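Same order as they appear, the protein sequences are chains A and B. Straight run, no breaks: the first sequence in the working numbering ends on number 239. Straight run, no breaks: the second sequence in the working numbering ends on number 400.
For the record, the hints were derived by calculation from the structure and aren't laboratory data. Only a predicted model underlies this, so the values are computations on that prediction, with no experimental measurement involved. No residue lacks a Cβ here, since even glycine has one placed at the ideal position from N, Cα and C.
Facing chain A, from chain B, some residues (calculated, C-beta under 7 Å):
id : residue
1  : 320
2  : 339
3  : 379
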Amino acid sequence: MGRWTELALKLAQAKRLGAGGPEADAVMRELAPLANQTARRVHAAYASLRKQRAADFVATAPALVWKKIERFEEWYNRELSPADRAAAVKEYFSAWCYVELRYRYLDAAREQSEEQRLLSLAPDRPIADPRSMDDDEEPFELPPEEMARVREWDPLDGVILFCLTGLWDRLPAGLWTSWLERLGVEEPFPPQAYLRAPNTKKRAVLATALNVSRDVIYQRWRRLKTRFNEQIPSTGALP
Amino acid sequence: MIERMNDVIVWDGFPHPDPVMRHASVTVQLAPPLWRRVLHHLMVQDAAQRAGWSSWLGEAAVATLRDALERELAHDAPRAEHSVLALPAEAVEAIRATLCASFWQPLAIWFGTGDSKSDGYYRLILTNGAVAVLRPLPADPASLLLEDLFFTQCKTKLEGDGARRLGAVAQATDRYATFLTPHRGDAKHGGTRRMPRPHGIRFVEPRIWNDLPAAPPAAPAPNPTPSESAEIVGLSRLLDSAAAGSNGLPALSNPIATTASRELRNELETWTRSTAELSDQCEHATEAYREELCLELLENRISAWARFVAIDEKYNAAMEAGDVDVEFAGEMDALLAAMESFDESLQTTESTWAPIAARVELLNNWKNRLAAPHRHALPWWMSAARPSGARARASSYLLG
Chain A
1 MGRWTELALK LAQAKRLGAG GPEADAVMRE LAPLANQTAR RVHAAYASLR KQRAADFVAT
61 APALVWKKIE RFEEWYNREL SPADRAAAVK EYFSAWCYVE LRYRYLDAAR EQSEEQRLLS
121 LAPDRPIADP RSMDDDEEPF ELPPEEMARV REWDPLDGVI LFCLTGLWDR LPAGLWTSWL
181 ERLGVEEPFP PQAYLRAPNT KKRAVLATAL NVSRDVIYQR WRRLKTRFNE QIPSTGALP
Chain B
1 MIERMNDVIV WDGFPHPDPV MRHASVTVQL APPLWRRVLH HLMVQDAAQR AGWSSWLGEA
61 AVATLRDALE RELAHDAPRA EHSVLALPAE AVEAIRATLC ASFWQPLAIW FGTGDSKSDG
121 YYRLILTNGA VAVLRPLPAD PASLLLEDLF FTQCKTKLEG DGARRLGAVA QATDRYATFL
181 TPHRGDAKHG GTRRMPRPHG IRFVEPRIWN DLPAAPPAAP APNPTPSESA EIVGLSRLLD
241 SAAAGSNGLP ALSNPIATTA SRELRNELET WTRSTAELSD QCEHATEAYR EELCLELLEN
301 RISAWARFVA IDEKYNAAME AGDVDVEFAG EMDALLAAME SFDESLQTTE STWAPIAARV
361 ELLNNWKNRL AAPHRHALPW WMSAARPSGA RARASSYLLG
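Extracted from the complex, chain A is given alone in its bound form (with noise of 0.2 Å):
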């Protein structure tokens, strides 16, 4: 069996048996390597993804092999007789990890693609900067029985989607506050710091502000753009 994937092996049963610890953590620290340059690999041979999501990409590339580490090791058992896995002196791993992150770039390539052709066909709809709020824009409110399904999500998503649609002051104070005080996050929020960056860096400060990762904010973001354009579609869809 390839080192390789001996290691993901008992990197995916310690896992599965809730073993997180030290030996999960070591074996962890021998894999990302390897994670990273698949990653880099990948982008190198489609270069889709700008510098900026590029290095997020590569990044959280050991995040999204310990995710779906249960999957090999399914993949492993499935696929390979056991004259296979005990004869093998090919690195299983590599070659799944390559295809999985190889996966996970082409959707976030699609997605920057979607984001540009949207923004391209709404240059006034960029992510929302109060600031550059025109005065005569119809007041956004959420009708009452689509607030009480707002009140029901979970406090990081409604801080994170309030905040990067510009709408959190919007909100009723009360259920603003105690999304807050869930989190652990003081008011006034959000901090200056996120008021005054561009848009551009907008994620970047938010993370930081909620003590997130920048991965965090960015999955979340997506998730919440569809589920909330699919759930209020009278408000206009969100970039």
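The hints should help you fit chain B onto chain A, whose structure is shown.
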């Protein structure tokens, strides 16, 4: 014997470089600003370019030009003195002879439209690989002003078996397909129904020049270098099979991939340095030279992409087989770092090259021939240069 370069030189009786104007002869004018541009091209510290100038004009002429340049940069000469430039007569005659031969049968001709409708020009790749930019004088279309002379990578590509390879790449990628053959019969010299000519480059084939003997048969191609092998294999993976015409090529061997990787890394480092100077170089350059610099940059990026794909294919296979040697693994890390640095410099200078790339069909031609999945996930530098709406409509019209 010397020629004073602050005078206008006029040469009569040249054959017209444009095949549809072959009945006419032209006058070529060399004005003093040309020499200033040549001086600036000499500033480019590229060994191939320096060698090109030396073998064309002779060491003495190049030394004279470099001295003049150094005096100008040092500002230690009185203005009247450094405004006078004198070249050996042999150097000037070498330029005349090369132009005359090349007008009759250039290696390539490009019909540039320029920024405005009335701003057309010819760009010729001369027989020695230099590029000449000629612009018809508005008052006298039978006179062509030699606006610029420079060497580019084209010269390197034309050396050895380069001309055949360049032609093959042009054919495979159809870079030049939208640059149609001249409108025979439509372009009436001096007439009122002169049709607009699509701009671009077209490699001259002997059959176009009916009145000339066919070119001598090409010598057998020598074995490709590791870099050339990587580019050929990489292109066959990137382009759809019909365009590449070479699908099914085997992957590179381990030693060739390692060597190709090292060579690519060295070239990437050079390209990164030259890209950092792109904005400065473009600032005082002629339109044709700017275009050449920017398109060369993109051609380098495409070459790097193709070569990386071939090298990575081998690396991937070695990884899966569990037999990546230390040298190859280290080389891959260094190559990735060099690719990232080059892309960073490319992104930094995007505002310089993207408008020019949007004006020509180079990237569109590549896009149209990419194989899946690359066709669906374009490189950022390929989608960066988007033509404007009017330009896109025009392209669509031209391409049918």
